[in-house]
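Colleague: The lines below spell out each chain.
Protein chains: 2
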Amino acid sequence: MLALTKVSAAPAREAAPAREAARAREAAAGSRAGAARAPGEVRGSVGGGDSYVVGVDFGTLSARALVVRVSDGAEVGTAVSEYRHGVIDRSLAGHGELPPDWALQDPADYTAALGVVIPAALREAGVDPGQVIGIATDFTASTCMPVLADGTPLCQLPGLAARPHAYPKLWKHHAAQPHADLINAVAHERGEKWINRYGGKISSEWQFAKALQVLDEDAEMYQRADRWIEAADWIIWQLCGTETRNACTAGYKGIYQDGSYPSREYLAALDPRFAGFADGKLAHPISPLGARAGGLTSAAAALTGLPEGIAVAIGNVDAHVTVPAAGPVAPGKMVAIMGTSTCHVMNGTALAEVPGMCGVVDGGIVAGLWGYEAGQSGVGDIFAWFTANGVPGEFAEQARRRGVPLPQLLDEKAAAEPPGASGLIALDWENGNRSVLVDAGLSGAIVGLTLATTAPEIYRALLEATAFGTRLIIETFKASGVPVTELAVAGGLTKSAPIMQIYADVTRRPLSVIGSAQGPALGSAIHAAVAAGAYPDVPAAAQVMGRIETDVYRPDAARADVYDELYAEYVRLHDYFGRGANQVMYRLRAIRDRALAGRGGPAGEAR
Amino acid sequence: MLALTKVSAAPAREAAPAREAARAREAAAGSRAGAARAPGEVRGSVGGGDSYVVGVDFGTLSARALVVRVSDGAEVGTAVSEYRHGVIDRSLAGHGELPPDWALQDPADYTAALGVVIPAALREAGVDPGQVIGIATDFTASTCMPVLADGTPLCQLPGLAARPHAYPKLWKHHAAQPHADLINAVAHERGEKWINRYGGKISSEWQFAKALQVLDEDAEMYQRADRWIEAADWIIWQLCGTETRNACTAGYKGIYQDGSYPSREYLAALDPRFAGFADGKLAHPISPLGARAGGLTSAAAALTGLPEGIAVAIGNVDAHVTVPAAGPVAPGKMVAIMGTSTCHVMNGTALAEVPGMCGVVDGGIVAGLWGYEAGQSGVGDIFAWFTANGVPGEFAEQARRRGVPLPQLLDEKAAAEPPGASGLIALDWENGNRSVLVDAGLSGAIVGLTLATTAPEIYRALLEATAFGTRLIIETFKASGVPVTELAVAGGLTKSAPIMQIYADVTRRPLSVIGSAQGPALGSAIHAAVAAGAYPDVPAAAQVMGRIETDVYRPDAARADVYDELYAEYVRLHDYFGRGANQVMYRLRAIRDRALAGRGGPAGEAR
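Line by line, the protein sequences are chains Z and Y. When you line the first sequence up against this note's numbering, it's residues 1 to 607, in that order. When you line the second sequence up against this note's numbering, it's residues 1 to 607, in that order.
These aren't lab readings, by the way, just hints derived from the structure by calculation. Check each hint, because a few of them may be wrong.
When chains are identical, the list treats them as one kind, so a pair holds in a single copy or across two.
Unchecked claim - Subject to a maximum C-alpha distance of 20 angstroms in a straight line, what follows is the list of computed SDA-like cross-link-like pairs (lysine to any residue):
1. 413 / 393
2. 413 / 454
3. 172 / 451
4. 193 / 297
5. 333 / 397
6. 413 / 597
7. 478 / 534
8. 333 / 508
9. 193 / 303
10. 413 / 598
11. 193 / 510
12. 413 / 595
Assemble the whole structure, with the sequences as input and the hints as a guide.
Modeller: If you want it as structure tokens, here you go:
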């Protein structure tokens with residue numbers, strides 16, 4: 001999952017020339033007001049008769065509300081609030097320390113956030129709550145939880161506050177890997193058709209692995225859970241009082257394909273006690289994105305200050321909801337949401353099996369189209385890792401003297417050299433590989449180091465490696481009959497012009513840049529407008545309310561030629577290390593695990 | 001060439017426990033006084049009737065004299081002096097800027113140093129010059145120069161002070177690579193037998209490539225040079241007034257094999273004007289190491305304060321001269337002189353062709369034995385490069401707070417983790433590969449990086465990579481019928497106990513450590529004693545005057561087991577990148593060279 005606004009290797013910077021050019025173009029074309037606003041600007045003329053919608057983006061550490069004008073998508077007010085308990089990954093009150101790789105959240109933080117950010121955003125906007133006609137939300141995923149039949153989270157029941165398995169498991173809870181391994185092994189053994197829609201692998205981050213972990217480790221909690229639900233759907237339940245299930249999380253995180261979940265027989269093969277999991281705890285009609293889930297309950301109205309009864313849209317996921325925020329929705333338009341990791345989402349008119357994608361889901365992004373999702377598990381977090389661990393103090397000192405963030409200094413130094421000048425090539429697998437190879441056991445590599453190699457050169461090689469990774473995903477889609485016709489970018493990394501230029505040069509494609517700094521929240525607002533009936537469907541609303549600047553970065557032919565050569569080297573190393581010719585990365589991991597397991601005594605000394 | 005004392009990744013540190021243990025052992029055994037002195041200690045009782053010798057080590061940036069007692073090798077006084085002109089690699093007075101990869105020296109600095117360090121060392125020793133019976137020197141190599149028939153360097157002739165090609169070319173002058181390439185191509189074309197004694201490649205650092213460059217670029221200088229001579233031999237000429245040529249540089253740097261230089265026909269094939277190079281400018285009887293070159297001239301006596309007529313030994317090379325300083329000379333005892341690079345020198349009783357060694361020379365280390373030389377072109381300088389370019393400021397800050405050098409901190413952090421715990425493996429080719437593969441076009445690589453990887457872990461992986469490189473050299477010798485029976489270490493890196501322990505564990509061998517911190521100068525002193533007739537030969541003198549502590553570091557079986565696994569990964573990557581399966585390193589270098597050649601215009605910007 002993305003943590004879109006949380007950790008970014010590229011702190012806030014403005015791509016001013018590009019933006020001004022876009023403004024000039026739009027002014028010349030007499031286009032709609034507000035469309036050329038800078039990312040991050042939130043202001044509009046709030047007319048008396050205008051209608052508004054609220055989008056709420058639930059991230060990893062905080063929730064953000066955005067008030068948006070229905071007529072043109074103008075962002076008129078926003079507010080953010082951090083969750084009181086943040087990510088619960090060290091210890092749980094009353095229980096003590098959590099094992100490694102655990103990551104829980106407290107659902108009370110979600111509802112509390114609603115009560116803070118919506119009123120605050122309305123105040124900032126100066127909008128009368130009576131003008132708001134709908135609300136929609138998006139969430140990290142798969143963040144899923146055990147609840148009673150009425151939606152009460154188990155962790156809120158008397159006596160269960162200290163039971164770790166009673167809490168929502170955040171997307172980045174990675175302790176269910178053995179369960180995911182079992183899920184995959186049995187699926188392949190039985191030749192389950194759905195497994196290939198997920199690149200051959202179900203992630204430990206998703207619903208089934210996490211539920212199976214609960215059954216395995218705390219069968220009582222599993223039994224007491226009437227329902228197993230995504231936080232994306234649970235929050236809607238809190239707003240409209242009705243359980244719903246959205247097509248996006250059901251498809252991408254819940255293995256819902258061709259109208260059904262995995263069979264009882266398959267589930268029984270995982271664990272006989274798990275046979276009824278889908279029928280009993282998941283099953284529920286699946287709702288298309290942008291549909292109306294219900295009306296805002298009086299309790300939710302009291303909490304948020306919004307009018308009772310306004311439209312509440314079906315739930316959604318932060319990455320996927322960003323697509324309509326990036327303007328016109330069209331098959332072949334890939335939206336890359338670039339943050340700590342990158343999520344590539346794209347609509348297609350037909351079903352194709354693209355090797356190593358995260359998933360393909362009917363209506364998973366927009367109703368009526370096949371939604372494709374691919375991803376790179378490490379992007380901004382690789383840059384952040386290197387910035388923190390591989391850069392000598394002199395550069396931090398330079399950045400300090402110039403009063404710029406260190407990543408900006410590194411970006412600039414990277415951009416100052418022509419492609420290929422470092423003699424380096426890297427593989428971007430420091431956090432594993434999520435698409436094409438789908439292998440968390442892979443790791444990063446750098447080749448071409450010399451005594452003249454500098455830290456900014458390695459940094460540049462890492463930037464380029466992630467761009468090569470994106471190109472390989474695009475080429476894999478193309479080779480599978482799903483051509484990418486437009487490449488649009490969103491997320492925190494779009495603030496770095498040097499990184500964007502590298503992506504344009506490496507992919508040989510002009511980059512369209514989303515016109516909003518709050519892509520997910522704007523996307524949610526668009527869904528709210530559709531749910532409220534202001535637009536017939538999401539594409540129609542996106543056409544008006546979404547914002548994209550096309551051709552912001554254009555590939556340079558000479559640089560692209562050099563990158564073609566480097567990309568060929570990337571692919572060669574990618575295949576050598578990633579497709580079995582040399583399984584050194586797995587062996588190193590196994591050696592490491594044994595070494596760490598055996599640690600305790602001090603390393604031996606000379607005599 | 002080694003720059004033994006110049007740049008070390010491991011600044012002065014004492015291996016105190018090992019030393020004390022050695023002291024205790026020697027005390028128990030009633031062994032000779034002085035033998036257990038700490039490296040770096042220079043003091044002894046200067047008795048009235050004792051004889052002394054002086055060894056002078058000419059390094060890259062300075063010369064060091066060491067006064068040594070003949071009877072037991074006690075080091076009683078030392079002095080160092082930096083060359084006034086250091087390395088002339090940027091610009092030459094009167095000429096202006098030098099091209100890249102040039103490195104010259106001023107021979108007047110060498111003679112000036114003699115006049116400073118010898119009197120100073122004698123003063124420190126409190127030794128009456130009349131007690132000194134001989135002097136010997138060792139030099140960097142191949143540092144070679146054009147001179148007149150009387151030994152006058154061309155650069156000292158009127159009107160030639162501004163001619164770059166009139167100066168000595170320091171070992172690390174790398175601008176003759178095209179000439180080395182030609183030398184190698186023609187040698188293989190013609191099937192010259194000698195080429196295989198040099199691992200199939202003559203280095204651009206050696207005599208022939210550098211002389212061919214002079215001919216190619218400044219034919220007048222080439223013609224005016226009556227002789228082309230190693231600085232190692234030229235300095236002897238200055239001391240005793242007679243031209244001599246030592247077996248070590250003639251063999252390792254001058255392609256002198258089986259009693260002759262390369263043939264006129266071969267040289268003519270390089271350039272018709274070069275046909276007479278060996279006959280005309282090199283040819284001279286070759287003297288065995290330890291032989292008397294002559295008596296100290298009155299001029300040299302006046303310069304140095306030593307008695308006229310005392311024995312001057314034949315010239316020698318800093319690495320090779322270190323072998324007798326490390327105690328008993330025996331076939332199969334490999335001495336690894338570990339500094340910025342590592343030079344592995346070893347005697348064998350028979351000629352064998354070991355793939356990828358630097359050279360095998362009859363009497364190249366000790367008269368009567370075949371001298372084998374291998375080397376790693378980057379060791380301490382890889383650690384120094386990473387320390388300067390890859391370590392974030394927090395570690396420098398920690399080191400500052402603790403008052404220890406950063407490399408020591410990194411060594412300690414490296415030693416604190418068990419082998420394999422980092423999950424990393426590296427190739428130690430940041431400065432190319434000098435032995436086994438003999439390929440300067442290779443570069444470094446690191447595999448296994450994750451978001452949890454830290455700078456000290458990468459540092460450790462680089463330490464280990466150089467140890468794997470040494471193990472591969474040892475195994476290659478063994479496979480070629482030249483088994484290594486003892487591994488002795490010398491040079492600046494021996495001061496780091498963590499590094500030494502890694503080497504013991506990786507090679508599964510106990511390490512013997514030289515008992516002198518001035519290995520080359522002590523080795524020279526030993527040759528001086530032999531030249532003066534105090535001992536019948538170098539092995540006999542080494543037995544008494546050399547110093548070694550055996551079993552200072554012993555392999556730990558459990559760590560060695562893990563290293564066996566990692567070494568297998570090293571060899572796999574070594575062969576993949578180094579033996580042609582993926583020539584990515586050469587292609588990256590070519591791409592880099594094109595990129596840098598085309599630089600000039602600014603890199604393109606977004607629109």
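Colleague: Take the hints in turn and mark each one as holding or not.
Modeller: Status of the hints after comparison with the structure:
| no. | hint | result |
| --- | --- | --- |
| 1 | 413 / 393 | both (15 angstroms within a copy, 19 angstroms between copies) |
| 2 | 413 / 454 | within (11 angstroms within a copy, 23 angstroms between copies) |
| 3 | 172 / 451 | between (38 angstroms within a copy, 14 angstroms between copies) |
| 4 | 193 / 297 | neither (41 angstroms within a copy, 93 angstroms between copies) |
| 5 | 333 / 397 | neither (42 angstroms within a copy, 49 angstroms between copies) |
| 6 | 413 / 597 | between (41 angstroms within a copy, 18 angstroms between copies) |
| 7 | 478 / 534 | neither (36 angstroms within a copy, 82 angstroms between copies) |
| 8 | 333 / 508 | within (15 angstroms within a copy, 58 angstroms between copies) |
| 9 | 193 / 303 | neither (45 angstroms within a copy, 91 angstroms between copies) |
| 10 | 413 / 598 | between (42 angstroms within a copy, 18 angstroms between copies) |
| 11 | 193 / 510 | neither (37 angstroms within a copy, 59 angstroms between copies) |
| 12 | 413 / 595 | between (38 angstroms within a copy, 16 angstroms between copies) |
Hint compliance for this structure: hints 4, 5, 7, 9 and 11 are broken, all remaining hints hold.
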